[in-house]
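Asker: The lines below spell out each chain.
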Amino acid sequence: MKVSGAELVVEMRGITKKFGSFVANDNISLNVHKGEVHALLGENGAGKTTLMNQLYGLYQPTSGEIYLNGKKVNITDPNVAIAEGIGMVHQHFMLIQPFTVAENIILGNEITNKMGVLDYKKAVNQVKELSKKYGLDVDPDAIISDISVGMQQRVEILKVLYRGAEILIFDEPTAVLTPQEIEEFIEIIKKFTQDGKTVIIITHKLKEILKMADTCTIIRRGVKIGVVDVSKTTEAELAEMMVGRSVTFSVEKEDKVPGKSVLDVKDLCVKDSRNVQIINKLSLNVRKGEILGIAGVDGNGQNELVETILGLRKVESGSICINERNITNKKNWEILQSGIGSIPADRQKHGIVPNFSIPDNLILERYNVGPFSRHGILNRKAIKDNAAVLIDRFDIRASSPEAKVNTLSGGNQQKVIIGREISNNPDLLIASQPTRGLDVGAIEFIHKAIVEQRNNNKAVLLISFELDEILDLSDRIAVMYEGRIVKILNSKETDEKEIGLLMAGGQSK
Amino acid sequence: MDIFAFVLSTTFMYSAPLIFTALGGVLSEKGGVVNIGLEGMMYFGAFMGAAIAYYSGNPWIGFLAAGIGGGLLALLHAVACVTFKANNTISGLAINFIGPGFALFLSRIMFDGATYTLPLADKKMGMPLKGFFMKDSFLDNLLGSQCHTTFIAFLLVPVVWFILQKTRLGLRIRAIGEYPKAADTLGINVARIQYFVVIAGGVLAGFGGATLSIAVSSAFNPTIVTGQGFIALSAIVFGKWKPQGALVACLIFGFSTAIGIVLGWSSVQAVFPVPSQILAMLPFVISLVILVSFVGKSVAPSSVGIPYEKDN
Amino acid sequence: MNNRKLHKKEWVSALKFTFFSIFIGLLVGAIVLAFSGYNPIQAYSIMLSGIFSKPSYISYVVIYATPLILTGLSVAFSFKTGLFNIGAEGQFIIGSLAAALIGGYLNLPAYIHVPVCILGAILAGGLWGAFSGFLKAKFNVNEVISTIMLNWIAFHLNNFVVTRPSIKREGMNVTQFIADTARIEILPKWKNCEAALAFREAHPIINDLLRTPLNAGIIIAIVTAFLIKYLLDRTSLGYSLRVVGDNVNSAEYNGINVKKNIIISMLICGMLAGAAGGLQVLGRTRNVAELAAMESYGFNGISVALIARNSPIGCIFSGLFFAMLTYGGPKIQSALGAPREIINIVIGTIILFVAVPKLLSILKSKFKRTIINTKISKGDE
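Listed in order, the protein sequences are those of chains A, B and C.
Heads up: the first sequence begins at 1 in the numbering used here, then just goes up one per residue.
Heads up: the second sequence begins at 1 in the numbering used here, then just goes up one per residue.
Heads up: the third sequence begins at 1 in the numbering used here, then just goes up one per residue.
Heads up, a few of these hints could be off.
[Said to hold, decoys possible] Distance condition first, Cα-Cα at most 27 Å in a straight line; then the derived DSS-like pairs of lysine-lysine:
{"hint": "1", "chain 1": "C", "residue 1": "K189", "chain 2": "C", "residue 2": "K54"}
{"hint": "2", "chain 1": "B", "residue 1": "K166", "chain 2": "A", "residue 2": "K349"}
{"hint": "3", "chain 1": "B", "residue 1": "K242", "chain 2": "A", "residue 2": "K114"}
{"hint": "4", "chain 1": "C", "residue 1": "K16", "chain 2": "A", "residue 2": "K349"}
{"hint": "5", "chain 1": "B", "residue 1": "K240", "chain 2": "C", "residue 2": "K259"}
{"hint": "6", "chain 1": "C", "residue 1": "K189", "chain 2": "B", "residue 2": "K85"}
{"hint": "7", "chain 1": "C", "residue 1": "K138", "chain 2": "B", "residue 2": "K240"}
{"hint": "8", "chain 1": "A", "residue 1": "K114", "chain 2": "B", "residue 2": "K166"}
{"hint": "9", "chain 1": "A", "residue 1": "K330", "chain 2": "C", "residue 2": "K54"}
{"hint": "10", "chain 1": "C", "residue 1": "K189", "chain 2": "A", "residue 2": "K404"}
{"hint": "11", "chain 1": "C", "residue 1": "K16", "chain 2": "B", "residue 2": "K85"}
{"hint": "12", "chain 1": "C", "residue 1": "K138", "chain 2": "A", "residue 2": "K349"}
{"hint": "13", "chain 1": "A", "residue 1": "K331", "chain 2": "C", "residue 2": "K138"}
{"hint": "14", "chain 1": "C", "residue 1": "K138", "chain 2": "B", "residue 2": "K242"}
{"hint": "15", "chain 1": "B", "residue 1": "K181", "chain 2": "A", "residue 2": "K349"}
{"hint": "16", "chain 1": "A", "residue 1": "K18", "chain 2": "B", "residue 2": "K166"}
{"hint": "17", "chain 1": "A", "residue 1": "K18", "chain 2": "C", "residue 2": "K9"}
Just so you know, the hints here were simulated from the structure itself, not pulled from any lab data.
Put together the whole structure using the sequences plus the hints.
Answerer: Pasting the structure below:
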């Protein structure tokens with residue numbers, strides 16, 4: 001995938017973007033050539049998405065200039081970007097759930113007659129044509145809330161192609177794909193560049209950069225560190241440029257013989273509010289002193305499984321036992337008392353009370369028992385002391401020990417949650433997406449804390465969409481597909497290829 | 001007179017103001033902005049309609065003025081909610097102070113210190129089908145005494161439906177109500193469309209109020225609206241934020257008012273004495289029963305009530 | 001920055017913004033008055049003297065404020081717990097009805113009668129509120145709509161009861177006056193006896209005060225405000241209610257029984273508004289009448305809560321402020337002929353501004369954007 005002597009199609013000169021006093025981009029310059037696949041590498045929070053949002057007109061630079069094909073442009077809003085042939089596929093899909101695929105694709109660019117009445121049939125035909133041209137298989141009349149995540153991504157890609165994009169920006173495109181789907185995605189990108197289009201990919205996944213990109217610009221803490229020719233670099237070199245120090249990729253795990261079963265799930269069946277079978281005869285167990293990792297693509301029932309174990313969903317049939325106590329269909333406050341701690345996938349939504357202080361967040365599950373309250377009155381001193389201990393032990397950084405939790409960074413918020421859960425001393429710790437959106441330092445810390453739980457003879461159920469994390473941390477790996485556990489493997493006896501196949505519903509050897 | 005025809009025609013008559021207002025609320029909420037202030041806008045429209053009709057001698061001018069009045073109040077709500085990201089509910093409550101406040105204030109000035117306007121008599125809204133059908137036939141009883149406003153209200157239902165479902169504007173409105181950020185990333189001007197739906201909602205609520213004071217009655221008084229703006233709100237929920245559903249709800253409320261009137265006739269009271277206060281409670285009790293029975297089946301637009309903030 | 005300083009800084013800027021909103025409200029009122037041909041300065045000074053120039057006026061302001069402080073607490077409490085109690089109006093009506101019935105139709109010794117009346121009002125209002133909470137918890141009915149419906153049902157229920165022949169007084173659609181044993185007015189009988197009149201002649205200020213139905217309700221209201229603050233900040237119940245108010249998803253996920261909390265919260269809100277109604281009857285009106293329209297104590301409670309930014313202690317001051325406006329305001333009409341609804345316009349404007357917490361920062365950023373855009377457009381040839 002080499003590109004030779006092509007012209008500069010995108011030039012961002014000296015871009016600085018400030019939000020108040022926070023500098024997200026500091027004098028960054030980016031050069032992208034026609035027909036190349038250009039990767040933007042950086043940790044979570046480095047400023048890559050912010051930079052591209054300015055190219056797409058969602059933000060305006062505080063200072064700096066943008067040139068397209070040598071011409072200076074002022075991209076004041078997405079309409080300008082779209083008119084200039086720039087399209088962006090966002091990390092979190094911008095899809096209207098109750099609308100159809102076709103409606104989502106044409107939104108903002110609708111075909112109408114003179115009076116503004118929609119010509120839906122024409123839209124569907126156009127979608128079908130585009131879909132065939134690029135091999136992006138979609139059903140134009142399907143409703144977004146019904147289709148798979150992979151198909152949703154194809155809809156997002158069709159959205160930009162529909163508007164004639166020649167420069168395509170992808171923000172973390174492979175986060176939601178199986179290894180096989182990633183291969184397909186790479187093929188699609190190839191087709192685009194063969195067609196003369198230019199592709200910019202924002203990512204923090206080193207392996208994929210090596211597979212798909214020609215050039216890579218590395219950004220760290222808002223500053224451009226360097227530009228490399230991908231064919232001449234290594235994973236380790238990229239990692240070091242990204243983080244600023246040498247990075248070890250795996251966590252130290254002492255050998256451990258697991259003990260008794262703490263969590264026992266047998267033949268679990270759960271239906272959702274629309275009567276769709278989301279958990280389909282699922283069985284697994286997690287033992288003392290082990291980490292069981294659930295691998296799978298987002299949308300195969302992982303979140304629903306956790307909610308069911310926590311008592312937030314009704315069990316249709318089957319059983320869930322904690323320490324041999326049957327907790328099937330018990331109320332969630334009872335279940336939480338039986339020794340389960342949970343780190344939620346969506347920390348903003350389920351993990352924190354945003355306007356409460358750190359100490360008040362740290363007692364969220366034990367506020368009404370001693371020592372934090374007696375006879376219904378809160379014991380402020382005990383709450384404060386508890387906070388002091390946990391802030392120190394979990395390295396929670398904030399402007400003051402009483403700071404409101406919504407002023408903390410994502411990593412520190414996650415540490416508050418983990419500190420709280422672990423200090424409750426649960427027999428079973430459920431960790432869903434524990435390191436999503438965090439920088440490498442926070443990721444290392446959290447991985448250590450999770451492994452420490454396991455080393456202390458606790459049981460850990462880990463759910464993650466990052467295959468590397470699963471392979472790294474788990475003792476056993478359970479692959480989840482369409483609401484079932486397809487296979488349980490020993491992490492030492494398997495590899496990414498085999499798991500990837502199982503994640504996509506295939507059969508392993 | 002045939003009771004059946006009377007009940008039906010009274011139902012239509014009392015539903016019309018609710019239909020206007022509910023349609024206005026549907027548009028606004030489909031676009032993502034909650035409008036608790038419909039009551040205040042209706043109130044102001046009721047006053048403007050009667051006052052301007054009286055002084056101009058023409059009910060249509062009064063009707064239009066009412067729409068403008070409701071629209072102006074809605075503009076206030078739009079500025080607060082769309083541009084300044086105010087909490088929709090609080091802003092709506094403020095409108096419920098300001099609307100009646102201005103209405104009564106102006107009333108005292110324009111009508112010599114009184115809080116009610118002078119009777120309209122022949123300046124009242126006309127009835128297009130009066131005398132069209134054979135006298136005292138079923139159709140005459142049903143439609144002959146309906147004002148223009150009733151017909152307009154019913155006609156607006158399919159119009160609003162069409163706009164929302166079949167036009168580009170409607171697609172964008174619905175998209176914004178669900179996921180404004182997605183619409184924004186596609187270059188759609190979220191603020192402009194939200195201003196439009198909120199103001200349109202106010203105009204329609206103003207029409208609804210005017211219908212009360214120049215069609216259903218022939219003057220404005222301080223208790224003429226009395227909760228109907230809120231009943232329109234529950235009609236929206238009942239109708240699952242669809243114009244046709246809201247229509248059904250408004251008809252049910254109109255029906256309960258009609259039944260209340262029939263039960264209040266002395267001839268009926270002699271046989272079936274129901275106290276007038278219990279009758280007055282009927283529409284509200286029915287409202288509650290309806291809301292309870294539509295447990296979990298009524299889904300609001302996902303982003304309704306959440307002010308959209310571009311974070312640049 | 002040290003935690004206490006942070007706290008104080010927030011607090012001070014919130015106060016500043018509240019005063020700013022009040023100022024804007026009065027300004028808009030002045031503009032409307034001027035446009036309608038009245039002198040705003042004259043109007044406002046009539047209002048001010050109508051509030052402060054006599055002890056009896058001040059006493060009336062305090063009397064007016066009593067129910068407002070409690071309905072304000074009711075609404076503020078609901079906001080803090082993630083709900084919107086527009087039903088304070090209906091809960092008030094039910095509470096006053098209960099107090100009037102227990103006070104006027106039961107005979108009990110003095111030291112029991114008053115507490116029983118108040119308890120009855122609290123209970124009745126509490127149940128009326130809890131019902132909305134139940135509808136929300138069990139049926140997911142939006143409490144804004146259900147409480148509004150219940151307001152109207154309470155209204156008509158009140159009129160129904162008051163007009164029953166077995167209950168109403170001869171010739172009027174009102175309930176019997178409450179027994180003397182149920183009154184909380186200060187020295188109601190004594191202040192008109194001979195010895196008292198002599199005392200009053202000698203002390204003009206006290207004389208003026210005693211002309212008004214000054215009653216113990218204000219003390220109960222102020223104490224209640226402190227109780228509510230304690231409940232919210234210091235108890236585990238208050239903690240869980242506030243968690244539900246800040247992030248209901250987190251609450252549910254971490255084992256808090258959200259449905260139970262919603263019902264308890266609405267119960268307490270109803271109790272507060274019911275108490276307001278009860279104290280109004282016991283202290284001032286001494287009966288309930290057939291209502292032609294809602295008296296708005298509950299709705300005004302919403303304004304009181306908003307202006308107080310939901311702070312329980314703030315409701316005391318906000319309630320007094322609101323009472324000043326609604327007591328002094330109508331005097332403008334009697335003196336100058338300016339419509340009394342100008343006060344509604346002032347209040348509505350204050351609320352509108354209070355509803356926009358980010359007003360100043362948004363204006364600032366819009367200003368900056370216009371400057372940047374003009375720079376850009378000037379920079380391009």
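Asker: It remains to establish, for every hint, whether it holds in the given structure.
Answerer: Here is how each hint holds up against the structure:
For the hint pairing K189 (chain C) with K54 (chain C), the CA-to-CA distance comes to about 23 Å; that is within 27 Å, so the pair holds. With a CA separation close to 36 Å, the supplied pair K166 (chain B) and K349 (chain A) exceeds the 27 Å bound. For the hint linking K242 (chain B) to K114 (chain A), the alpha-carbon distance of about 26 Å falls within 27 Å, and the restraint holds. Among the hinted pairs, K16 (chain C) with K349 (chain A) is inconsistent with the structure: their alpha-carbon atoms are about 32 Å apart, more than 27 Å.
As the CA atoms of K240 (chain B) and K259 (chain C) are separated by approximately 24 Å, the hinted pair is consistent with the 27 Å bound. A distance of roughly 55 Å separates the Cα atoms of K189 (chain C) and K85 (chain B); the hinted pair therefore is violated under the 27 Å criterion. Under the criterion of a C-alpha separation no larger than 27 Å, the hint pairing K138 (chain C) with K240 (chain B) is consistent with the structure, at around 19 Å. This hinted pair checks out: K114 (chain A) and K166 (chain B) have alpha carbons roughly 13 Å apart, not beyond 27 Å.
Proposed proximity of K330 (chain A) and K54 (chain C) is contradicted: the alpha carbons are some 65 Å apart, above 27 Å. Distance restraint check for K189 (chain C) and K404 (chain A): the Cα-Cα separation of roughly 55 Å exceeds the 27 Å cut-off, and the hinted pair is therefore not satisfied. Our distance criterion of 27 Å between C-alpha atoms is met by K16 (chain C) and K85 (chain B), whose separation comes to about 20 Å. A threshold of 27 Å between alpha carbons decides the hint, and for K138 (chain C) with K349 (chain A) the separation of about 23 Å falls inside it, so the pair holds.
Simply put, K331 (chain A) and K138 (chain C) have alpha-carbon atoms about 16 Å apart, close enough for the 27 Å limit, and the pair holds. Between the alpha carbons of K138 (chain C) and K242 (chain B) the distance comes to roughly 25 Å, so the proposed pair stays at or under 27 Å and holds. Straight-line distance between C-alpha atoms of K181 (chain B) and K349 (chain A) comes to about 18 Å, which keeps the hinted pair within the 27 Å bound. A distance of roughly 42 Å separates the Cα atoms of K18 (chain A) and K166 (chain B); the hinted pair therefore is violated under the 27 Å criterion.
At most 27 Å may separate the alpha-carbon atoms for a hinted pair to count; K18 (chain A) and K9 (chain C) meet this at roughly 25 Å.
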